[in-house]
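Chemist: Chain residues, written in single-letter form:
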Amino acid sequence: MAQDSFMASEINKSFGALSVLMGVSLSIKPGETLGLLGPNGAGKTTFINIVAGYEKQDSGTISINGVNLDGMKPDARARAGVARTFQSGRLFAQLTVAENIALGALGLGASHNEAQERAKNTIDVLGLNSLATAPAATLSHGNARLVGLARAVAAEPKYLIMDEPAAGLNESEVPKLLNALKVIKDRLGCGMFLVEHNVGLVAKACDRVIVLATGILIFDGAPKDALNDAQVKNAYLGDAAFGEMI
Amino acid sequence: MQAVLDAISLGGTYALAALGLGLVFGVLKLVNFAHAELITIAAYIMVITNDLPLVVSFLIAALSATALAVLTELTVYRRLRGTGPAIMLIASFGLSVGLQKSFELIFGALPRSAAVAPWMTGSIEMANLNITIASLVTVGLTIFILLAMGYLVDYTTLGLQLRAASADFKTARLLGVRSNRLITSSFAISGVLAAFVGFIVVVENPQVEPMFGLNITILALVGIVIGGISSLRGCALGGFIVGFILSVLNTYLGNARVYAYSYLFMAVVIILLVRPGGILSKGNEMERV
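Protein chains in written order, with my numbering: chain Y, 1 to 246; chain L, 1 to 289.
Don't read these hints as lab results, they were simulated from the structure. Among the clues, some could well be false.
Said to hold, decoys possible - Restricting the straight-line Cα-Cα distance to at most 30 Å, the calculated cross-link-like pairs of lysine-lysine (DSSO-like) are: (1) L/Lys170 with Y/Lys158; (2) L/Lys170 with Y/Lys73; (3) Y/Lys29 with Y/Lys182; (4) L/Lys170 with Y/Lys56; (5) Y/Lys120 with Y/Lys176; (6) Y/Lys224 with Y/Lys120; (7) Y/Lys176 with L/Lys170; (8) Y/Lys56 with Y/Lys29; (9) Y/Lys56 with L/Lys29; (10) Y/Lys73 with L/Lys101.
Stated by the list, open to error - Listed next, the stretches of chain L that the computed footprint assigns to chain Y, with coverage defined by at least 3 CB atoms under 8 Å from CB atoms of chain Y: (11) 160 to 168; (12) 172 to 179.
What the hints assert, rightly or not - In silico negatives: residues of chain L with every beta carbon more than 12 Å from chain Y: (13) Ala3; (14) Gly84; (15) Gly98; (16) Leu110; (17) Trp119; (18) Leu141; (19) Ile145; (20) Thr156; (21) Thr157; (22) Thr251; (23) Ile270; (24) Leu280.
Each residue gets a CB set at the ideal place from its N, CA and C atoms; glycine is no exception.
Next comes chain Y alone, as it looks inside the complex (with noise of 0.2 Å):
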């Protein structure tokens, strides 16, 4: 495997007797959206906490460009290249769309100028304009949603945590979303992880997917591939109609 690429090792964890993951392995290059889907309680949101630092792994490793993450808190993780977003967005309320934005960059020790420079550019890139003097307390969902996804832009990370960034947008909001993720992935080429429900966005958006079914991973494939593997129809698609998803 490249050494510049974003890798987890054979991570599994448990929370007293029940396996959340087991010996789940994978890998992201530079540049490449990696979605990431699964029934709820696959372990999808245990593994992106592992991967940014909020809970630890029973066994296992996490690395970047060959740098061991283990035992990094996720502040640590953050100024290491790793950045994600909430799904509960967690903006700071009275402070302005454009100082939410810059303190992506700041807490990742650019200069004043510089984040403020990145908030900016962020703010043009994704569209986000008319906002960008509006407290993030007055925002509407889908707007906090691309809100906290141009927090961590600004971070300019080297790879992209993004927590079921479609949960809770209306129909005209994900296509919004959808174009910010393509804006993001050609200006600033990052790995990304994008963690979803939305499978009709997941395989739009993604150049590969991975599956997870109670904390094994079943797929890992292209997202049309995916769409047509039994075991993944078995455990999380069901009878959909793919087509209609894509």
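Following the hints, position chain L against chain Y.
Modeler: For chain L alone, coordinates are given in the frame of chain Y:
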């Protein structure tokens, strides 16, 4: 005119004390009762180094208060971080009492006094009014410090990180904000603010004893509650309101000024009944995001 200036002056002094408390509360959610001793040590140093030029004397006082603030963070609060707010609160009580007793051992139980900046106790004629220099200097100094703090909070990296950490410390940390550095900076700034408060108060009341800073700290705590504890502006505003009301009451109650605190706390209760989260609280916005 003098009464208005006095009220603004006292309000400003309490605003500075409340701001110091609010800074630390914002990042640690700690009500730092030992802030009183930062004011006290600054006042002691101003009295002891009275023979030195005022600027030098103040610099030594500010350095001492800042060093003590940082020392309490490094040796006590950092070690207790994560143990829960009740333990931190008790620790700050203990630290406050311990420092008072230390001052008693070092400086004696009796007040130490010296005329600090005696030129400030004089008065000048302005528009047929006799105004004390201390009031003018205090108002000017307070405005300058509040503007400087406003700049720091609104336009600097440290300020942005402080505002973010005050709103949601955990998320700020997850974004990579260096929490230890931020907390230590908050304590250091609170030490500097305490030194200014110590200086302003010791000019008017040059008798320093171990509990010198306690009264103003308790009233500043009341101020940050009524102003809005989650907002630095709210803290400063609340402190100002408390000091202003107290000064006005002391001026106009005459012999009934012994009831000034009663009226003050009645006003506080009324404000809290109308705005339970404090005047500048934004509880609804917090919930929405």
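Chemist: Confirm or reject each hint.
Modeler: Consistency of the hints with the structure:
1. L/Lys170 with Y/Lys158: 22 Å, holds
2. L/Lys170 with Y/Lys73: 12 Å, holds
3. Y/Lys29 with Y/Lys182: 16 Å, holds
4. L/Lys170 with Y/Lys56: Judged against 30 Å, a Cα distance of about 18 Å means the pair holds.
5. Y/Lys120 with Y/Lys176: 19 Å, holds
6. Y/Lys224 with Y/Lys120: Given that 30 Å is the threshold and the Cα spacing comes to 36 Å, the pair is violated.
7. Y/Lys176 with L/Lys170: 29 Å, holds
8. Y/Lys56 with Y/Lys29: 23 Å, holds
9. Y/Lys56 with L/Lys29: Holds, at about 27 Å.
10. Y/Lys73 with L/Lys101: Given pair Y/Lys73, L/Lys101 is violated - Cα atoms ~40 Å apart, limit 30 Å.
11. 160 to 168: Check passed, 6 qualifying residues.
12. 172 to 179: This one holds; 8 residues, not fewer than the three required, reach chain Y with a Cβ under 8 Å.
13. Ala3: 36 Å, holds
14. Gly84: At about 20 Å from chain Y, L/Gly84 clears the 12 Å cut-off, so the statement holds.
15. Gly98: Given that every Cβ of chain Y is farther than 12 Å from that of L/Gly98, nearest at about 32 Å, it holds.
16. Leu110: 47 Å, holds
17. Trp119: Given a closest Cβ separation of 40 Å, the condition holds.
18. Leu141: 27 Å, holds
19. Ile145: 22 Å, holds
20. Thr156: Label violated. Min Cβ-Cβ 7 Å, cutoff 12 Å.
21. Thr157: 4 Å, violated
22. Thr251: 36 Å, holds
23. Ile270: Correct as stated: the minimum Cβ-Cβ distance to chain Y is 26 Å, above 12 Å.
24. Leu280: Not fine: 10 Å to the nearest Cβ puts L/Leu280 too close to chain Y.
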